[in-house]
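S.K.: Given only the sequences and the hints, what does the whole structure look like? Please build it.
First residue of the sequence shown? That's 203 in our numbering, and the numbers climb one at a time after it.
Do not take every clue at face value.
[What the hints assert, rightly or not] Okay, derived cross-link-like pairs now, DSS-like style, lysine-lysine, Cα gap no bigger than 25 Å in a straight line:
1) 233 to 243
2) 240 to 227
3) 226 to 240
Keep in mind that the hints were calculated from the coordinates and are not lab data.
These numbers come from a predicted model, not from an experiment.
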Amino acid sequence: MLSSIGIPGLILILTIALVIFGPKKLPEIGKAAGETLKEFKNSARELTSDSSEEKTNK
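M.R.: Now the structure itself:
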């Protein structure tokens, strides 16, 4: 999905975000998005390891 955006699309998205949120708020939003993505990945990893353990125990 994101691989089809490309560099020009990414620059456009960042420019729009900069205009909407301003330069002071943008780092906070980026940090929050990064933490959310990290938590999502950890949760997905836990779910896959739990399902692997269940298959092993059966």
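S.K.: Would the pair residue 233 and residue 243 pass a check requiring their Cα atoms to be no farther apart than 25 Å?
M.R.: holds, 15 Å
S.K.: When you check the alpha-carbon spacing of residue 226 and residue 240, does it fall within 25 Å?
M.R.: Holds. Residue 226 to residue 240 sits at ~23 Å (cutoff 25 Å).
S.K.: Taking only the CA atoms, is the gap from residue 240 to residue 227 under or equal to 25 Å?
M.R.: holds, 20 Å
Figure legend: structure checked against the earlier numbered hints; every hint is met.
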